[in-house]
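Could you put the whole structure together from the sequences, leaning on the hints where they help?
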Amino acid sequence: DQQVKQNSPSLSVQEGRISILNCDYTNSMFDYFLWYKKYPAEGPTFLISISSIKDKNEDGRFTVFLNKSAKHLSLHIVPSQPGDSAVYFCAASEVTNAGKSTFGDGTTLTVKP
Amino acid sequence: EAGVAQSPRYKIIEKRQSVAFWCNPISGHATLYWYQQILGQGPKLLIQFQNNGVVDDSQLPKDRFSAERLKGVDSTLKIQPAKLEDSAVYLCASSPVRGGGYTFGSGTRLTVV
Numbered sequence: 021d022q023q024v025k026q027n028s029p030s031l032s033v034q035e036g037r038i039s040i041l042n043c044d045y046t047n048s049m050f051d052y053f054l055w056y057k058k059y060p061a062e063g064p065t066f067l068i069s070i071s072s073i074k075d076k077n078e079d080g081r082f083t084v085f086l087n088k089s090a091k092h093l094s095l096h097i098v099p100s101q102p103g104d105s106a107v108y109f110c111a112a113s114e115v116t117n118a119g120k121s122t123f124g125d126g127t128t129l130t131v132k133p
Numbered sequence: 006e007a008g009v010a011q012s013p014r015y016k017i018i019e020k021r022q023s024v025a026f027w028c029n030p031i032s033g034h035a036t037l038y039w040y041q042q043i044l045g046q047g048p049k050l051l052i053q054f055q056n057n058g059v060v061d062d063s064q065l066p067k068d069r070f071s072a073e074r075l076k077g078v079d080s081t082l083k084i085q086p087a088k089l090e091d092s093a094v095y096l097c098a099s100s101p102v103r104g105g106g107y108t109f110g111s112g113t114r115l116t117v118v
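As given, the protein sequences belong to chains A and B, one line each in that order. When we follow this note's numbering, the leftmost residue of the first sequence carries the number 21, and every step to the right adds one. When we follow this note's numbering, the leftmost residue of the second sequence carries the number 6, and every step to the right adds one.
These aren't lab readings, by the way, just hints derived from the structure by calculation. Worth double-checking, as some hints may not be accurate.
In silico lysine-lysine, DSSO-like type, Cα no more than 27 Å apart, as pairs [claimed, not checked]:
id	chain 1	residue 1	chain 2	residue 2
1	A	K91	B	K49
2	A	K88	A	K25
3	B	K67	A	K120
4	A	K120	B	K88
5	B	K20	B	K49
6	A	K120	A	K76
7	B	K83	B	K16
8	A	K25	B	K49
9	A	K120	B	K76
10	A	K25	A	K91
11	A	K120	B	K83
12	A	K120	B	K49
13	A	K76	A	K88
14	A	K88	B	K49
15	A	K120	A	K91
Please read these numbers as outputs of a predicted model, since none were measured by experiment.
Below you can see the structure in the form of structure tokens.
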């Protein structure tokens, strides 16, 4: 049973437009959520996170939204740039074991010039 | 700040052979994780250390996998004997505290033939 799901394996957007990556989770105990970005042949890089006490967290071009009732979070990238092309992983963790993160299978984002 | 170092980068072995991976986390990071990432999937936690103690190894196949973190710094992950399904990228990550974003190494790509 996959507790963190990224239902879109891939997404393609035009440079300058908004990219929206989605993530759903099933475990109601999850209360801390993270997004990682991964380039080929490299390890994932932490991008942005959000605690369940918030519904939005913003860092430059990246904004994460959390809808706890729907068990859904999304990552918005505005404006998208070709260098944003990568695999994006959603991850979730519980306060009782805040170090252990459960990852989704990733969404490959392609930003076209 | 130096990143998380892993070696080797690539390893090809025959099934039933043994293999070991090494990880040097960021200096001062108390928590160290080993993740397995099978192609097309997200990282899956194998084992989590806090200093030199094991916090979570519930998903580690203990009949063939073992890990240690001597003196709370470097860590090694061993597979003996390897199976074909162990082919994956093995990622090491560290964090200063339990929770928050991890810093991942570049991983070791293992191919079992």
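Quick rundown of the hints versus the structure:
For the hint linking K91(A) to K49(B), the alpha-carbon distance of about 21 Å falls within 27 Å, and the restraint holds. Of the pairs offered as hints, the one joining K88(A) and K25(A) holds, with about 15 Å between alpha carbons and a cut-off of 27 Å not exceeded. Note on K67(B) and K120(A): the hinted pairing holds, with a Cα-Cα distance of about 19 Å set against a maximum of 27 Å. In summary, the hint linking K120(A) to K88(B) is supported, as the alpha carbons are separated by about 26 Å, within the 27 Å threshold.
Note on K20(B) and K49(B): the hinted pairing holds, with a Cα-Cα distance of about 22 Å set against a maximum of 27 Å. In summary, the hint linking K120(A) to K76(A) is supported, as the alpha carbons are separated by about 22 Å, within the 27 Å threshold. Distance check on the hinted pair: K83(B) and K16(B) sit about 13 Å apart at the alpha-carbon level, within 27 Å; holds. Proposed proximity of K25(A) and K49(B) is supported: the alpha carbons are some 13 Å apart, at most 27 Å.
Taken as a hint, the K120(A) and K76(B) pair is honoured in the structure, with Cα atoms around 22 Å apart against an allowance of 27 Å. Of the pairs offered as hints, the one joining K25(A) and K91(A) holds, with about 11 Å between alpha carbons and a cut-off of 27 Å not exceeded. With a C-alpha separation of about 21 Å, the suggested pair K120(A) and K83(B) falls inside the 27 Å cut-off, and the hint holds. Under the criterion of a C-alpha separation no larger than 27 Å, the hint pairing K120(A) with K49(B) is consistent with the structure, at around 10 Å.
Between K76(A) and K88(A) the CA atoms are separated by roughly 11 Å; this keeps the pair inside 27 Å, and the hint holds. The hinted pair formed by K88(A) and K49(B) meets the criterion: a straight-line CA distance of about 24 Å does not exceed 27 Å. Only pairs whose Cα atoms come within 27 Å are accepted, and K120(A) paired with K91(A) is accepted, the gap being roughly 19 Å.
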